[in-house]
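For this one, chain A is given, so just place chains B, C and D with the ligands on it according to the hints.
The lines below spell out each chain.
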Amino acid sequence: MRRQFINSPEDVVPEALAGFAAAWPHHVSWSPEPSYVVRAAPARDKVALVSGGGSGHEPLHVGFVGEGMLDAAVPGAVFASPTAMQIKAASLAADSGRGVLHVVKNYTGDVLNFRIAGELLADEGVRTEFVLVDDDLATDTDDPDAPGRRGTAAVVAVEKVCGAAAERGADLDELAKLGRRVVAGSRTLSVALAAGAHPGQSEPSFELPADEVEFGVGIHGERARERRAFGPTGEIVPQMTAPVIEALGLTRGERVIVIVNGLGSTHDLELYGVFGEVRRVLEAAGIGTARSLVGSYVTSLDMAGCSVTLVRADDEILDLWDAPVTTPALTW
Amino acid sequence: MRRQFINSPEDVVPEALAGFAAAWPHHVSWSPEPSYVVRAAPARDKVALVSGGGSGHEPLHVGFVGEGMLDAAVPGAVFASPTAMQIKAASLAADSGRGVLHVVKNYTGDVLNFRIAGELLADEGVRTEFVLVDDDLATDTDDPDAPGRRGTAAVVAVEKVCGAAAERGADLDELAKLGRRVVAGSRTLSVALAAGAHPGQSEPSFELPADEVEFGVGIHGERARERRAFGPTGEIVPQMTAPVIEALGLTRGERVIVIVNGLGSTHDLELYGVFGEVRRVLEAAGIGTARSLVGSYVTSLDMAGCSVTLVRADDEILDLWDAPVTTPALTW
Amino acid sequence: MADQLSPVLADRWVRGFAAAVEDAGDRLTEMDRRSGDGDFGVNMTTGLRRALADLPDHPSSPGAPFQVLSDTFLSHSGGTSGPLFGMWFRDFAKVGAQVDFLTLGAVAEASQKGWATITRLGSAKVGDRTMVDAIAPATEALQRSEQEADSLEAGLRAAAEAAERGAEDTSQILGRKGRTSYVGEAALGVPDPGAVTIGLFYRAALDAVAGASS
Amino acid sequence: MADQLSPVLADRWVRGFAAAVEDAGDRLTEMDRRSGDGDFGVNMTTGLRRALADLPDHPSSPGAPFQVLSDTFLSHSGGTSGPLFGMWFRDFAKVGAQVDFLTLGAVAEASQKGWATITRLGSAKVGDRTMVDAIAPATEALQRSEQEADSLEAGLRAAAEAAERGAEDTSQILGRKGRTSYVGEAALGVPDPGAVTIGLFYRAALDAVAGASS
Ligand SMILES: Nc1ncnc2c1ncn2[C@@H]1O[C@H](COP(=O)(O)OP(=O)(O)O)[C@@H](O)[C@H]1O
Ligand SMILES: Nc1ncnc2c1ncn2[C@@H]1O[C@H](COP(=O)(O)OP(=O)(O)O)[C@@H](O)[C@H]1O
Ligand SMILES: [Mg+2]
Ligand SMILES: [Mg+2]
Ligand SMILES: [Mg+2]
Ligand SMILES: [Mg+2]
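Protein chains in written order, with the numbering used here: chain A, 1 to 332; chain B, 1001 to 1332; chain C, 2001 to 2214; chain D, 3001 to 3214.
With the rest of the complex left out, here is chain A:
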């Protein structure tokens, strides 16, 4: 049985956003209608970075609004895309005249609404570019008509790296190119030990037998295509890491940013243990862990699980990764 601290399922998202904005008054401000979050002190004379998507993935995206990362985030209902009008309004609020970069995880609704918003903004004379984040290796197919790989934790790297470049004055085309480069060098695999439950619902969205894990799970409570044997991290983590290395074609001597991401209710103790195993796999393959981020950044409500993301790193990307950032969820 799952229960949550909520008033009612419909009010969860706006009430959380009100609390979030009250908790970070110097970082962000929240427009309730249409709903979006912008920096408390809007940036001037830079390309605006705007991202968004369904709620239930916090701290993504609202937690990444602030200097060095996003200018605005647009939260939809739980696991549902924000509307085009929300995105348009957020983009207009964030735009300082140099155009808007939309960072969009690859889900039909998100893509549709961000593309529509781009058309609406074009009509108002605002230039936008679109970086599609599609890092989830579990949904890789050859079918060109399929929706393609889902977007998951690599979005944090895209927002961080492009956010830093935007702060340094990169223009819209440069940023779009940079974002696409980060995406092209990023793949993720996720494993769930237990599904999360929607606010107000007592049952998790799927049940797993004690000896299996959901292998290649997404972040919206849907089942994965595959179940594999449960086991110690020393057995599970190599199965998550090796295919990512292979998909990226990483070779001895290359460096990566490692993101070990908790999917909601997985404890830091576990995540750091997982990170240790990822490092072992990388070391054995001669790949350097240039940077890392370990924690719950792209969640799926209270799902028990984690994802491993590798981001191919070069000096430019690392330099941008290291650049200062001041947001509710990420500050250095």
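No lab work stands behind these hints: they were computed from the structure.
As the structure is a prediction and not an experimental result, all values here were calculated from the model.
There is no bait here: all hints are sound.
Result set (DSBU-like, lysine-lysine): computed pairs, CA atoms no more than 35 Å apart in a straight line: (1) D:Lys3113 x D:Lys3094; (2) A:Lys177 x C:Lys2094; (3) B:Lys1177 x D:Lys3125.
Estimated spans, in silico, between C-beta atoms of each pair: (4) D:Thr3119 x A:Glu207: 54 to 60 Å; (5) A:Ala40 x B:Pro1209: 40 to 46 Å; (6) C:Glu2030 x B:Gly1288: 49 to 55 Å; (7) C:Pro2056 x A:Pro25: 36 to 42 Å; (8) D:Arg3033 x A:Ala285: 48 to 54 Å; (9) C:Arg2033 x B:Glu1212: 34 to 40 Å; (10) A:Asp140 x C:Ser2060: 50 to 56 Å; (11) A:Ala40 x C:Ser2151: 56 to 62 Å; (12) C:Gly2211 x A:Asp140: 50 to 56 Å; (13) A:Arg223 x B:Gly1288: 43 to 49 Å; (14) D:Ala3149 x B:Arg1223: 55 to 61 Å.
Don't be surprised by glycine CBs; every beta carbon is placed ideally from N, CA and C.
Here is chains B, C and D with the ligands on its own, set in the frame of chain A:
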């Protein structure tokens, strides 16, 4: 059924610490034997702040090692005190000649081992002081022989405020006094919706009926003295906040730091909703929310629940709260 | 018989459409349940109810009621259909904003633009089992009527009938776009709710014009 | 009959104590299960086994074996008893470090200091159902023997018997300190494992000295 990403229950803590240190190489370094975490770049010529306690509460305490907060943290096994020798070794490593402040949550084992460590350190000529954190209102009794109130989330405020003062050069006695002042002005109440499970164990440590919450729960999986009706946050949160206001004797016009802390698997969406309700209660009582911290900072493995801590604030405490901090779990 | 759609008739068209969708709501949702995820009715009625409340008492142009529909759908409607219909209405709003009356030619133009928009955004082709399977024949019917200098009423009747036939035919098609592509054969026998809704849209236009003439 | 404890006899005392606790391990754990949380045996044997491995072959003073015991308990033993015993042994280590041989007076002094340490740290008084209920009578017996100029063996025998009696009597006491205070009457009939262990400690001292004389 609960499952975790671990190799074996005995290895969880050291493996996590190894991963933690690898993830934050510029912030901390980890001594495996005796086990403690210190700043990667030890501070000079300041009183050292050392805290510690059982593991399973991460990011507490290891996540708070760094400039502006702790000099060392000493992790025990899951929910078990570190040994006196660990504490002694950590304190010796952290000491820069101006003495060591021990920040200790009020549990028999922690108190005993920190007091012993203090005696061992005195024999080596190292001065220590001891700040006992006992903020848990649920364990308040009149019995002078009872172990007294447990220590919970207020420890974060003590570490932050004393950490900042230590950085500014305060001496050991001043720090001890300051820490005790923060503790005296802090109370917490915690509620669980579901118990957590020990690494390797499939059953949570207690079961709750669908219509009840564990009211006044601790952070070690033990049951609370009381169960109350489950309900919307609008009903539960006032029951957590009002007694804290009363216990502190807060009056109209006073200001507080609010800590809304997740106990392990409670989602940010929920915590920010809870914070909104806390603010409502405070506003109605004419008490100002001077600062806030919302997130999972003092956890009880994967327990579903949250705590509300109020810390009586004055200009000095707020100034120290605002001072810069650079740790894995808290940076501003 | 009105051979042009005044702002008042455009308003009547939009209100009639909203009423028709409201009536058919459960049936549409049931179609989506069999072929997708069952939220179609809610997605449509959420937008329409809000839009009705916001419709201007005295529309300044025949585009104005569509502008309200479009804005409301783009602001408040979820799923795939919500934003797509929002953009569909937007092309009617744009064409209608520039004229005092909508002629058959203007309706054909708006329909053509809307079809292009939906295709640009959703890349569905005829035969993919989407609203395009009604939009395409309806648009072609409007264009044919215009070329043959038919009356507005005749053109709209042709469009409505073409859309309804197109929608009906989707019940025999295997889905290739959107959520229905996941359910495959299970959707056979039920028409696509988006396509059915396009039928309701042109039927409402016809009723507005025909009602004005009687 | 040795009337002083050489480093070798101190080593024998510590080894004998470790063996006795190992033998009684299950019984001690069972006592803790009935009166606390059942980890007493593990807490003690963890420390003792490690300490045995680290005992010096040639102890430099009669304090040396106790120093190893103390360090090991403070480094590796959990629960309440681990660190308390670590500090208890430490006072024997301190007194023993300053002399070549432990006299009855030195043992009495160490016991007295250890009692003070345990009291300072745990604030248990006689009658609270803790190890203090064995430490107190044993210390008093040692002090009496010393005043009466008894032999070391006689003094240790008096201490062991006093400790064992004190431990036995705890089975009739309601706990007021430590975990046993939570279980109340359920613990009645079982002695306190910490107090029993103090009995084993002095019995091992006696055996080391008596064994040397036979
Ligand atoms: N790519 C597309 N292009 C045009 N129309 C589409 C497309 N995908 C789906 N649709 C339409 O959307 C309708 C489903 O709408 P809705 O239930 O709101 O979507 P969802 O699948 O997101 O729940 C379908 O009946 C179909 O007509
Ligand atoms: N305050 C105290 N002072 C002295 N001895 C104590 C105190 N509390 C407990 N003890 C001793 O510790 C023993 C229990 O040890 P142990 O099982 O390791 O503790 P825990 O209760 O932490 O599991 C008791 O038998 C008692 O002799
Ligand atoms: Mg649907
Ligand atoms: Mg849907
Ligand atoms: Mg015990
Ligand atoms: Mg114990």
